[in-house]
Amino acid sequence: MIEVQELTKSYPDLDRGCFVALDGVSFRANAGEIYGLLGPNGAGKTTALRILSTILKPTCGWVRVNGFDVVQNASEVRKSIGFVSNNTAIYDRLTGWEMVEYFGRLYGIPRKQLDDRMNKLFDDLRMQDIRNVPCAKMSTGMKQKVSIARALVHDPPVLIFDEASVGLDVLVARALLDIIARLRTDGKCIIFSTHIMREVERLCDRVAIMHRGQILAEGTIQELSDRYGQDDLEDLFHDLLANHNQMHGVASE
Amino acid sequence: MNWDQIKIIFHREMRDQLRDRRTLFTIVVLPLVLYPLLGMVLLQMTQFTRVQEVRICVAGKEHWPEHPRLFESVSNSVADSPDSVSRGVEFISQSVGDELTAKMRTQARIELASGQYDLWVFIPKGGKIQPSGNRDQNITANGEELEATISNVDGIPSLYILGNRASERSLLAERRFRTMLAHWQQRWLKEQLRTHDLDPRLADPISVATSDIAPPDTRSALLWSKILPFVMLIWALTGAFYPAIDLCAGEKERGTLETLLSSPANRREIVWGKLLTVYCFSICTALLNLTSMQVTASVLMRQFGRLGIAEGLDSLGPLPISSLGWLIVILLPMSALFSALALAIAALARSSKEGQYYLMPMLLVCMPLVLLPMLPGMTLSVGTCVLPITGAVMLARSFIEGQYHEAWIHAPFVVIVTASCCILAAKWAEKQFESESVLFRENERFGISSWLRHLWRDRASVASPAEAILCGLVILVALFFGRLVSSDTVLNWDSIARSSLRTQIALVLGPSLLMATVLTRSLRPSMGLRVPRFLDLSVCVLFAVCLHPLYSRIVWFLNREYSMGSETQAVLEQLQGVISAAPWHSVWIVMAIIPAICEELTFRGFIFNGLKQKNNVLRAILISALFFGFSHGMLQQSIAASMMGIVLGMIAWKTGGVFCGLAFHVTHNTLSTFLPQWIAEESNLPTTMRWAFSRTSEGVDYSSLWLTVSVLLSLLCAAYIWTRKEHEKSNAPSTVSWLRQALSAASFARR
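As they're listed, the protein sequences go chains U and Y.
For the first sequence, the working numbering assigns the number 1 to the initial residue and increments by one for each residue that follows.
For the second sequence, the working numbering assigns the number 1 to the initial residue and increments by one for each residue that follows.
The shape of chain Y in the complex, shown without the other chains:
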């Protein structure tokens, strides 16, 4: 790679983009103008809500004590009224009867609905309200009636409030009235205390003094650290996407890409030149937006604080420089990731218009990862920091909030994950530029019939990568709906078995078998039905046994990191109870064998072989493992299963078929299903095997000794499988010789 070439390309692309009015508008003008304008509108709107006066109709005002006064209209224009809460409330009196009747309520309801006033307050004579029927029921039945404030003190009347919670004004009126009422109660209480020769201070016996150890910097950082990363990353993404479209799809459209491809710069240099340009724009957009938004927001909030709209916000100054620094540190890798992703996706598009269509899917994928850190209760942990984007945002937040210890511990994980994602995305972008079919995609007319004809006519012996991925997606969607349907099944073995079989056979094996039958020429290569060597099978069984302790430890760790809800836990325990009571052979078939067969044929058969084309082994192993993982539904299971999927993928690759993986899978499932209940009773353990298990506070588990030994043994097994030459066609035994081998081994065992 020649950096001079990259520099030349980068300079030209930058100059080109800076001369593009659309790009400049989105990247420079929009952020500088957008936020101040938005702020202005917001300020005016809040002022508008401040002047909004509400009308409260009071019926039976004469039944309310003269002193202290409650129903006194105070207009909003009175700057410093003695009671600032009552600003903007107008009371109108109404003379009605002494008792609350249905007719009065109906009348008030009509007047409320017609907007004559926003709240109706009724004070009956003599204090008590006799609600007709059950009050709660009344409220829920029509949703209009608020409540009767029933007083228990003689001489204080009760209040009946009728409002309309579907109306913003009515809600505001109620809120203001309740605040006034609370103030009134305080004053009344103090007066009562005074008349009874008691200290009026008894009304508020506790005085609370608060102070905050957080320096003002950090206080403002807390709010900013939640909002700013989100805004920054969304703009980093947007800022990467538009230039990327212009640099790839736009160049294709204008015909300049071919000119560039015939120049001495090679594809890699072209990609990196473009990538750097996109990167620059992504960073600039994010930074400009960040600055503009922060300046506007801090000005706005100070204004709000001064107006007394939002108490305490006036202390919210600009984000401290150090925090800003951390945001920028996090922006650099995130922008790189977004730029590479945007470039790779934009390379797929034939025109700018087509490129725009790809923005939404990309946003939809990235958005949850950016939003996740904003959820309450999300903290930086091993579990969250390995999520791409999310981990980086959480890390930035920890730094901004001053939790340096936490942050530094998790920083290496975040760096590794983010760097891997960036490298993968950049490689993907490079790959797109190497691909003739991507660069020179013609606008071929797409017709369903010709496509179907093509699918049938050009069937290969194994599925295409696209078909394999489609199969995985179909299975995930089917499982999602399948689980929704079967989630309320009764907990007994019969129904569990039936639903498990239905899920596995119809939703996992079904789609892949159907696709293999229709889309490939033969089931044998497409599903990986290749007869294995007996030795390989045995090693895989041993491998599964040896890997199980490590797997159990990983599952235990995952359950601790991503704690399961208590409800889920209860259901799982119930399930375990039902399973342990069921006959073992049916449990074995339903929980261990059938899932293994269905999943292996699908994930290591159809999907793996489809993805493995053109020696793309890594892609095949990773994607099939991810599909396998996600098919397990629960997050904890998904992560553990994805790891297992990688091991199984390696087995499928090296042994060239599904059967060795199947042996591994069945063994693993058997251990996972039966071992916990078997070792729960210590008496079940033969004395010769006691060393492999130990009793912990949570029950019996593998001992550390066996864990260490088993990990070493599984490394040996992995090494054996790894060193096995793939596709040893000549060595692959025929079915007959395999049977003979198996029979001789069996007779040996009998002897």
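For reference, chain U alone in the conformation it holds in the complex:
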């Protein structure tokens, strides 16, 4: 479903000359699987997912989503994904229904089909009561629901959640994780990036631990704890980062 090969992204930077946000990242995620990207802030998760959703172009390497190349077939890739990030806000001056409808129409879904699909989505996500509320007046949780509905409206095979639970209260975050788990059972390929260990443990089938633009370790949580002899994911994560920093002569954060 998603293949990432030697993905590199660098930016010109005033202080550092050239800043390498992604340094040869490779991974693969399959249908019916939640693939977790775990890393501290600035690890390069958002950059990687922005490339996956064709918002940014890679400097080097290639990415294939649902069989389409993100550079050559960007439009097809965008049709195959639903992208939710804390940077993808919703339009304040539209109602929840209008917001989802707008994107549904951009995906080219016929009007009747779109109506049915949206009604089902609003039922599933229990959003019928907020369908005519302007987005500006919604709570963070409601807004996140609208975002998810917007990402699911065209029933994409691939879903990308980039730190989607940031800023949500415990209840809403839990509901979000439930929705994502349900999507896996529907056979979607899901990429889930976060820096919260609990979410990874609860949700992800396989995890890649990212730091400074590189993947330090990859595998199921069981494999990782076997490989590094650490049962606790948080300790494992901390040790990996500390080792990496030590090797590259950087003070541990």
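The set of hints was computed from the structure by calculation and includes no laboratory data.
You may find that some hints are simply not true.
For each label pair, taking beta carbons as the anchor points, the in silico distance ranges come out as [to be verified]: (1) Y:Leu18 to U:Arg174: 36 to 46 angstroms; (2) Y:Val41 to U:Arg93: 30 to 40 angstroms; (3) U:Asp226 to Y:Arg22: 55 to 65 angstroms; (4) Y:Asn2 to U:Arg174: 35 to 45 angstroms; (5) Y:Asn2 to U:Asp226: 49 to 59 angstroms; (6) U:Gly229 to Y:Asn2: 50 to 60 angstroms; (7) Y:Val709 to U:Thr59: 52 to 62 angstroms.
Positions of the beta carbon are idealized from the N, C-alpha and C atoms, including for glycine.
Position chain Y against the provided structure of chain U, taking the given hints into account.
Using the frame of chain U, we list chain Y on its own:
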């Protein structure tokens, strides 16, 4: 490009904007309320000035003839006084001496200044005023004294008026008094004629009857056609800018842009959807303002006409429908241009607040182009119609004024220029949306030291586009001040040569050389110092010779279109005289070689190579040509030089260095400097070359035969250079082989 997607985006953006209270206020409410309110205030203010009464103090009233009466106060409330000009004037009498003394004047001055009255009029006994000293000098010395009306007719006394021109009331008083005086003179004259048994009608011997062939429609059109395009375009610009900021910077700020970018709509469709929205708002704002302003103004003017404030304005009805139609026709492309510009500029901004900062520079660039047509004496011509915005406004005016013949001739030029500008602006907006660095600019902290460190650490082999543009701007500013300083140099060869060298080396080459040394790793690539092929050099010399006749014709045409002031012309002729008297070799070095070297290294070297990065050849050629053109100071020269800059840019691109352009430039400068004085004497021309020149009324010029042949030859040269593969690194000869080639060619020539 999928139009359905564009339509969906357009509909949403429109709905979004219409739900925004700020936008609605600026675009709908403001124009509908603003003009009527302004009109009301204006009307009240004019009524206020009407009731303003002025006091005129008359000293020595008894010395003025009893009949006809002059000093009779008439209050403003008297509706139909026999003499309507005297409304609102109150005369107060003062008894002073018979002669004008310094003491009286001082006293009157103090009273004037304290506001006891607005004008002081003195009538001496026996008529004559004996001004102390030179009257003119007196006026200029203290600026207060107006003048003594010295009468030459016996029995009519003179008047001495003292006023204060810094006071609005005093000016008004003087104006009213003078009108009254003129009326009085007429009446007096008629009475005199009657007493002497002459026909009183002799006082106004000529009766003039006027009639106007312009239909009332066109009469009102003349005034409207000057004001309305200006108002309309300013609002079209404003109406484009605010939605553009909201649609780009606002979306970035609210985080919805990334949502949209991850949707199936591609960047181009997003830009066009947004562009159409901005366009709609621009047109609506302009139209609403236009209508509101016109309705208010015509109501107001009719009111003024009725009140008798502004004579003749009552005929100024609303603009005829046909004229309104022409305004709208012109509004459509102008709004498109402004919308695309506003969108591209707004895309640069990270937040709405930052976007607001960009409005002023954009206005400053567009404003002169909108204002230019309002200057008196501006007419539609080939020269003015190729200016973006200005040309379109002038065209609309010609149509409104009914000069259809003129308008239709120039319409194609305006359409081409406007369409090109619109396309370029739209492309620019698209480019902004393609650029990651523009869309995802983070709020990085800017520090001078880290920026300087970055400049030094990340030097490339050639300058960056921004550095190249900065260099061009620095040179233009330096030249502007340099010319201001050296404009009063004495006209002799020595000083001309010195100032020319100073300008070229310090102000043109200096900045680029300095920037190339500091900001790039090596002078060779950044200044384009690549050894050329001997054949290329020769072709470029030939190219310059062949292009010169066409260039001379273009310069001649430009001088005719944009006529030069007689003063400038005189200075140029003087300059030419000095140059022709100077030794030829020093003229050659100063006027032909040094400018060519400095300008080529700068414009085709540093600036061109900086702009050419990422294969942006067109941008490099155009911008370097514009900088090259503007560096020439005078408009006529600038246009011609910009055209030459394009040719030189092509040479630099295809030959990959500055030297071929240099050969072209030196040849061209040599011809321009020496040819006119050389061919002025027909005896100088060898008989074999007489066919290439012909004598016209303005002197000797290239013959049409040679012009045609040379244009064909220069096309061949251009084709040779064009077909030359750029950057033939492997074929580029080493310096040694180049020297060998040159030497063998030279020995061949000697033989």
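Could you tell me which of the hints above the structure violates, numbers in ascending order?
Result: no hint breaks.
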